[in-house]
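**Q** Sequence:
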Amino acid sequence: MRILFLGDVMGRTGRRAVAERLPALRVDWRLDAVVINGENASSGRGLNAAQAAGLFEAGADVVTLGDHAFDQKDMMQAVEADHRILRPINYAKAAPGRGWRVFDIAGRKLLIAQVLGQVFMSRTYDDPFSAIEPVLKAHPLGRAVQATLVDMHCEATSEKMAMGHWCDGRASIVVGTHTHVPTADACILPRGTAYQSDAGMCGDYDSVIGMDKTEPLRRFVTGMTRERFAPAGGEATLCGLFVETDDATGLAREVVQVRQGGRLAQAGPGA
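Under the numbering used here, the first residue of the sequence shown is numbered 22, with each subsequent residue one higher.
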């Protein structure tokens, strides 16, 4: 499978970039599946149903959320109504929706799961390692499913790397989200899992992790708050990870960082 994962969509500029660029990328890169983390699409705080519909219309097959999963109230209903939206698997047990699902895409079975990390996060979630373990055991690569993607949504690169090694050989892709800055460690781990500590964001990089610079700078310099954070409105870079997997084993054959448009150096398949 040829799979594209896009990191956190940040506000209106991120949504616009996905809408403008993704349809052509699906054709040019002959993509079988597109998974997008959409948890910052609504002004940096969650995702609403209309915005989720826009991501699907642009070409996403599955949208994952994160620690802001239910900041927009209508997502409580949307995540139940639309099974293509996944919230973290180790969120509160009473939360609506699911944290993993097997999708039939391009004639193959693709398992998508999302887990939340615990280190430096604003609240304590259930252990992500024990949460993902039974899902991986029940869906062996190359047998129950042709590919598996795990979105590891957390702050600490150490926790993300640990999850990569925990899943190595049992998932096709483990990719980190949440910190909005793409890391330069895209690789295939020893047992065949494609890995990157953070995919980056789909947002304006003339910013402070996607937010307009003014208020973050004020808070860092003075320690005082004057206004709410607002997403930066310049041209966005689509950041993510392209992976080609082997149908027989489900393991990665190729991994390429993706940066399209905006201020960052461009990268992608064939670049």
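It should be emphasised that the hints constitute simulated quantities derived from the structure, not laboratory data.
Ideal Cβ placement from N, Cα and C applies to all residues, glycine included.
Check each hint, because a few of them may be wrong.
[Said to hold, decoys possible] Across the chosen pairs, the derived CB separations fall in these ranges:
no. : residue 1 : residue 2 : range
1   : Asp206    : Phe150    : 50 to 60 Å
2   : Lys234    : Pro161    : 44 to 54 Å
3   : Thr235    : Ala269    : 44 to 54 Å
**Q** Tell me, which hint numbers fail for this structure?
**A** 1
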